[in-house]
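Colleague: Next come the chains, spelled out residue by residue.
2 protein chains.
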Amino acid sequence: MAQQHLDPTDPRSRHAGPAPTGDALAGYLRTQATEFLRALRLHRETGSGANGSEASAEAARALRRSARRISASLHTFQPLLDTDWCEGMRPELAWVSGTLAMEHAYTSRLERLLSALHRLSGSTAFPAQATEPAAGPRAGAQSGPTAAQERGNLTVGAAKAGALLDRQLTLARTRAHSTALQALGSSRFHAVADKVAVLASEVPLTTTAAATDLAPHAAAAEERLRDAVAALPLVTAGSPYNAAALTHGLSPDTVPHPQDAPWHQVRLLLRLHRYAREALSGPQGNAVVDLRLLSAGQALNRHRDASEAAAAAAQAARTPRIAPATAYALGVLHADQRHEVEAARFAFQQSWQKEAVSTR
Amino acid sequence: MAQQHLDPTDPRSRHAGPAPTGDALAGYLRTQATEFLRALRLHRETGSGANGSEASAEAARALRRSARRISASLHTFQPLLDTDWCEGMRPELAWVSGTLAMEHAYTSRLERLLSALHRLSGSTAFPAQATEPAAGPRAGAQSGPTAAQERGNLTVGAAKAGALLDRQLTLARTRAHSTALQALGSSRFHAVADKVAVLASEVPLTTTAAATDLAPHAAAAEERLRDAVAALPLVTAGSPYNAAALTHGLSPDTVPHPQDAPWHQVRLLLRLHRYAREALSGPQGNAVVDLRLLSAGQALNRHRDASEAAAAAAQAARTPRIAPATAYALGVLHADQRHEVEAARFAFQQSWQKEAVSTR
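Line by line, the protein sequences are chains C and L.
If you read the first sequence in the numbering used here, its first letter stands for residue 43, the second for the next number, and so on.
If you read the second sequence in the numbering used here, its first letter stands for residue 43, the second for the next number, and so on.
No lab work stands behind these hints: they were computed from the structure.
Among the hints, erroneous ones may be present.
Stretch-level coverage of chain L by chain C, calculated; a stretch enters the list once three of its residues show a Cβ under 8 Å from a Cβ in chain C [as the list claims (entries may be wrong)]:
id: 1; stretch: 149–162
id: 2; stretch: 197–211
id: 3; stretch: 286–293
id: 4; stretch: 365–373
Think of the CB as a built atom: it goes at the ideal place given N, C-alpha and C, for glycine as much as any other residue.
If we strip away everything but chain C, and leave its shape as in the complex, we get:
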């Protein structure tokens, strides 16, 4: 199927001249290695304050971006590269991008949860402000003071839930920040940076790589993606309000949610496929963007984020000695994020369907 591509946006059909070989891969890897080194220099120049400035956060993102691309290419095109070098390099790159990702993940998870609480509170005021006396008697206009108090408790619950999540996720983020700083200063990281510096000028290709076509390897990556997608419950995901994502929402094994794993796996395979396309399209690889792949990938990112946010809300609800109103708000929040998971699966199914129709 993948070999029958007639899609005009396919990078291979657009590629001028002969089919891309190991030389194109070497060019792509050199470009990404250079990006990595540039981002690293930027990160050192912007400093690393307690909470990380905007510029240093951007530099960390750029570091992860190139680390992911190098790592993915080592995986997809491994037969064209020195085996020992690949096997030594990939776990180190995964460690770099994984370690650097944590701080950003906690930051955006907290943002996602607080904005959801905000939306669920249905107030223009931020939920954390609802504990202030001025916000309390809002309900009093429609009902007696007792009812207002009763109802107000739920708003207080949302505010307390927000404060609890803020405490827990800010602590986790601060720890992740320290861990990332330590990692960037470690000899282990310096060894990775040295290897990437070598890669920027000299790619360890095998002797036959220059004559080897990249396309079959990229096609294999695409095939792995298609197989994994075919195993997803897409018929269910495509019927709105299937309520599948919240099944087991109160089961003892909510963290992590086992039904999410195949979707997380597809997210990784989609990324490998996308990076393989980039490598095939030559040194300007980054310029080739397939909007449909992007939207499918965005749906899966949203799926991952909502899944982890739901788990964080469930985890916070297990904090000892919280008030019932706080626990109630966390329950609503958990279910809301699980529905985001369901919505993201629907969005993926819709993008993928378009994808499948237009490439066949």
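Given chain C, work out where chain L should sit, using these hints.
Modeller: Same frame as chain C, but now just chain L:
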């Protein structure tokens, strides 16, 4: 628009001979009055035990069914009927069907909530059994005993939430049962039954009713329905996962949810429209069933049920001194039912769209 009907399933186009007039209305009312009296006799024969037998519940449903139809016809075709008689009769019929509806409503609300808890617990065992020691250590196989205990708390929460809802709604149902029994034995009810007995033989039509066409009155009922539907946010409802129903899910004013009111109103108008069609199609009115109207009506019933179940879960969460795990489970349950509300709106939008396309 309503006057331009070309729909072959429309009862008016199917009606043999001249357009239906007050005579057809009288026939319809006599039929419904006879049904009412038959159901009342059945209800008395089947007795009225503490929890109501299946047969007496069925008799109560039949009583409500005919009371609703008589009341609706009095509303839609009021100009053809004696004004004083109509004005005296309608509130009494509303009281009868309203009073008889409560017991059934509490029963089905409890069923809906317990089955949702069951689904959310993701266990084959009923949630109430999870408190038993045998069910507790299920999670222990995958993780340490502490984690199992932590996770188990949520399952215990679902079980406790179920027990709390069971207590509260069973109490409400028992009270509703007593109220209904008292009502059926009251002189107020006997007066209604006497009036219905008269109606079964003699309908108080106005002098001009026999020559008055029913169609314009039925069309006006349809127009009121279409106007109310046009005011609904159907574009939002038609885009899946709009997350509109859970907005304000944690706001102080959750019971009743103000955004649900227009949908409840459409539910009542749809019923009036359906009964008007029945009256127009002559004494065999009950036989004419429009599947599209039925499915739209079922979606709105589901909307109402989920809305009230969500409110019951939120209300239960305000019970003083409940455990945080119970409150968490009730929060998840509330959000789940609000998503059912959203799903029901989507289902209504889908049925209505079909309806609108095929009748124009």
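Colleague: Taking the hints in turn, state whether each one holds.
Modeller: To see whether the hints hold, each was checked on the structure:
Proximity of the stretch 149–162 of chain L to chain C, defined as three or more residues with a beta carbon under 8 Å from a beta carbon of that chain, is established by the 3 residues found. Counting residues of the stretch 197–211 of chain L whose beta-carbon sits less than 8 Å from any beta-carbon of chain C gives 3, enough to reach three: the coverage restraint holds. Closer than 8 Å: that is the beta-carbon criterion, and the stretch 286–293 of chain L has 6 residues meeting it against chain C, so the requirement of 3 holds. Under the rule that three or more residues need a Cβ within less than 8 Å of chain C, the assignment of the stretch 365–373 of chain L holds, with 9 such residues.
Checked against the numbered hints given earlier, this structure breaks none of them.
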